[in-house]
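Heads up: the protein sequence lines correspond to chains A and B, in order.
Using this note's numbering, the first residue of the first sequence is number 101, and each one after it goes up by one.
Using this note's numbering, the first residue of the second sequence is number -9, and each one after it goes up by one.
Don't read these hints as lab results, they were simulated from the structure.
Careful: at least some of the hints might be erroneous.
Stated by the list, open to error - Label-pair ranges, simulated between beta-carbon atoms:
1) B:R43 with A:A126: 41 to 51 angstroms
2) A:T213 with B:R64: 36 to 46 angstroms
3) A:A126 with B:I(-7): 32 to 42 angstroms
4) A:M101 with B:N162: 33 to 43 angstroms
5) A:N191 with B:H115: 27 to 37 angstroms
6) B:R70 with A:S138: 46 to 56 angstroms
7) B:D(-5) with A:E212: 44 to 54 angstroms
8) A:S138 with B:D326: 46 to 56 angstroms
9) B:R43 with A:T213: 39 to 49 angstroms
10) A:V206 with B:V212: 50 to 60 angstroms
Owing to the predicted nature of the structure, the values given are computational and were not obtained by experimental measurement.
Heads up, the beta-carbon is just placed ideally off N, CA and C, and yes, glycines get one too.
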Amino acid sequence: MDLKATFISGRTVDQGCNLENKTSKAYFDAAGYCEMNSADAGKLCVEPGNNVKVTTDFGSVVVPLKICEGNPDGLIFIPMGPWANAVVDPNTCGCGMPGFKGIPAVVTPTGETAPTMQQLMARLK
Amino acid sequence: MIIKDVLCPFCGCLCDDLAVKVENNKVVDIMHACKIGESKIRGHDRIKAPMMRDNKNSEFREVSYDEAINESARILANSRRPLLYGWASGLCEMMKKGVLLTEEVGGIIDNTASVCHGPSALGVHEKGLPTGTLGQFANRADVVVFWGCNPVHAHPRHMGRYSVFNKGFFTNKGRRSRKVVVFDVRKTDTANLADEYVQVNPGEDYMVLSALRAIVAGRVDVVPDTVGGISREKLVEVAETLKGAKFGIVYFGMGLTQSRGKYKNIDNAVSLVTELNAHGKHSIIPMRGHYNVTGFGNVCAWETGFVNAVDMSRGYPYYNPGETCSNDLLMREEIDAAFIIAGDAGAHFPAQSIARMGKVPVINIDPFHSATTEMANIVIPTKVSGVELEGTAYRMDGVSLRMRKLVDVDFPSDEEVLDKIIAKVREIKGASS
Ligand code: SF4
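Generate the whole structure from the sequences, applying the supplied hints.
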C-alpha cells in the first residue's frame, strides 16, 4: 500500500503569510502537508487530514494529506519549508542549487504524528 | 494618519501603491496590499531582546546588544571560513555593509538567490537577458507566458498590476488584450486563469524549450510526436501563439531553476526568447521572490563584480557557483561559522545542509523567531525594513525604489548592528596582527 511519486516543493499564499510566524500552528498548517490528487489518495486508502510518510533517498517526513486535483497522477507537493526540506536532494550538480523539485518519492499511510518545525530542527543539531 | 504610496516589503513585485493607517505609532489598517503583504506589514511576534547560548540544545539567555555583538564579532574574526548568508529581506544600505564585513573576515557572502534564481544568473552569464521593466510589459505585452511560476500564490498582485488583468497603454482592454499561456507540471491556480495550460512532465522543460526553438526556427520535422508529455500539434500551436505576439513576455520561476537542467533551462529559455525576436518583440524576466533580492544582486555586483556566492578568503572576490554557493560549502563541511541575516537558511535549505550548520556557531540577525533561530547560538533582533526603517530596494525588474518607514521602534537597524560588528572585528584583528 504505497505510492511511487515525483515530489516537488513550491510556494503558497498561506506559507508566505506565515514566513515570519514560523513557531506558530498557522505555519505548520501552511507548510506541513502533502498534496496529491484524489485518485492517488484513493490508491493509498487515505483521507484528507490522515498522516502520510513521504520518503526519498534523502530522508523522510510525516505530514497530513491534502487533496489537490490540479496535481497529475503521481505528482506530490509539499510547500517549501522545513517539512519539504526533510526529503529534498542537497546535491547541487555543481551549480549551487539543491534539488527541490522532481525527486522520486514513496508515500505510505502512517499512524505516526507529524513533527513541528522545532522538532524537525531539533533532529539536525 | 494615513500614509500613502507605501511600498510592500515582501515580494519582488514591490507594490508601491499601498495606504497604511497608523495610530499612536501602531499600524491599524492596510489598504491595497495582498494577503501576504498585509500579513507582513501587520507583523508577528517579535524576538524581544538579543539572546545567546553555548549549546544549541539548551535554552537561550537574554543578553545585552553589546554582549551579543561582541561575541558575534569574536566568532567571525576567529573563524577561518565563515558563511554570511541571507540579505534579501534587507535594504541595500545594509547589504553594502554585509559585503564589507565579509571582506574584513575573509568569508563568503551568499544570498537567498542561491536557492531561488541563482541558476538564472548562470543562464544570463551564458546567454544575456533580453528584458525590460514591468511598466513596459504592463503597457505592451499581448502574449504573456508564465513558465514554472505561480504568481497567484507567490506574487499575488502581479497579474493584477503588471501582467494579466491591468489595463495598459497598448493593452487597454485589460485581460482581453492578452493571451496567457502557463507551462507547469501541475495545474496551479495561475494555470486556472490562463487561456492555455501546457502540462510539462516534471524535469522535461529543457526538451520542451528545445522543441519550441526548433519549431520557431522552421524545423518542425525534427520534433518527435510528443516532447515532455506535450503533443507536437500542441507545441506547434503554442509556437504560433508566441510568434504571433506583437510583444511577448516570459515570466519564469522555480519550475525552471530548481528542476532538472537548472541553469541550462534558463539558458534555453533565454535562447527561445532571443530567437522569437525575429518575429516580434519578446522579453523574459525572472519572478524574483524576496522584495529586495534583486537589490542584493546589484549591490554585490557593484561592490565585488559578482551577484552572489562571492568568496573573499583570498583577499579579492572569487566567484564559482557550485563551489562557493552556501549548500556546496555546507555539504563539503568547509564552513566553521554561519552568519544568517535577512533570510532563513534553516527553513529553506535541505535538511542535510542544515545539519552541517548544526555543528558550527550560528549567528542569526532577524526580527522574528525563524527556523534558523532554532539552530543559532546568538540571536540579535533588528528593525523590520520597509516598515520600521526606510531605505533602498530593487523591484524584480531592477527598478530601485525608496522603501518607507511607517512606525518607530527601539530596535537597532541591521546596518547599525553590522557597523558595530565590523568595528569590533577590526579591533580584534588589529590587536592580533
Ligand atoms: S504582490 Fe508582493 S509586493 Fe505586492 S502586496 Fe503582495 S506581497 Fe506585497
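Exercise. Is the hinted range of 33 to 43 angstroms satisfied by the C-beta distance from A:M101 to B:N162?
Worked result: Hint violated: Cβ distance 56 angstroms, outside 33 to 43 angstroms.
Problem set entry | Pairwise beta carbon distance, B:D(-5) to A:E212, judged against the given window 44 to 54 angstroms | 50 angstroms, holds
Problem set entry | Pairwise beta carbon distance, A:S138 to B:D326, judged against the given window 46 to 56 angstroms | 49 angstroms, holds
Problem set entry | Range hint compliance [Cβ, B:R70 to A:S138, 46 to 56 angstroms] | 53 angstroms, holds
Exercise. Would you say the C-beta atoms of A:T213 and B:R64 sit inside 36 to 46 angstroms of each other?
Worked result: 41 angstroms, holds
Problem set entry | Distance restraint hint 32 to 42 angstroms, applied to the beta-carbon atoms of A:A126 and B:I(-7) | 27 angstroms, violated
Problem set entry | Supplied distance hint 39 to 49 angstroms, evaluated on CB atoms of B:R43 and A:T213 | Once the Cβ atoms are compared, 27 angstroms apart, the range 39 to 49 angstroms for A:T213 and B:R43 is violated.
Problem set entry | Satisfaction of the hinted span 50 to 60 angstroms by the C-beta atoms belonging to A:V206 and B:V212 | At roughly 37 angstroms between Cβ atoms, B:V212 and A:V206 fall outside 50 to 60 angstroms, so the hint is violated.
For this session: Evaluate the given range 27 to 37 angstroms for the C-beta pair formed by A:N191 and B:H115.
Result: 21 angstroms, violated
For this session: Look at the Cβ atoms of B:R43 and A:A126 and judge whether their distance stays inside 41 to 51 angstroms.
Result: For B:R43 and A:A126 the Cβ distance comes to about 26 angstroms; the hint is violated.
The structure does not agree with the numbered hints 1, 3, 4, 5, 9 and 10 stated previously, though it agrees with the rest.
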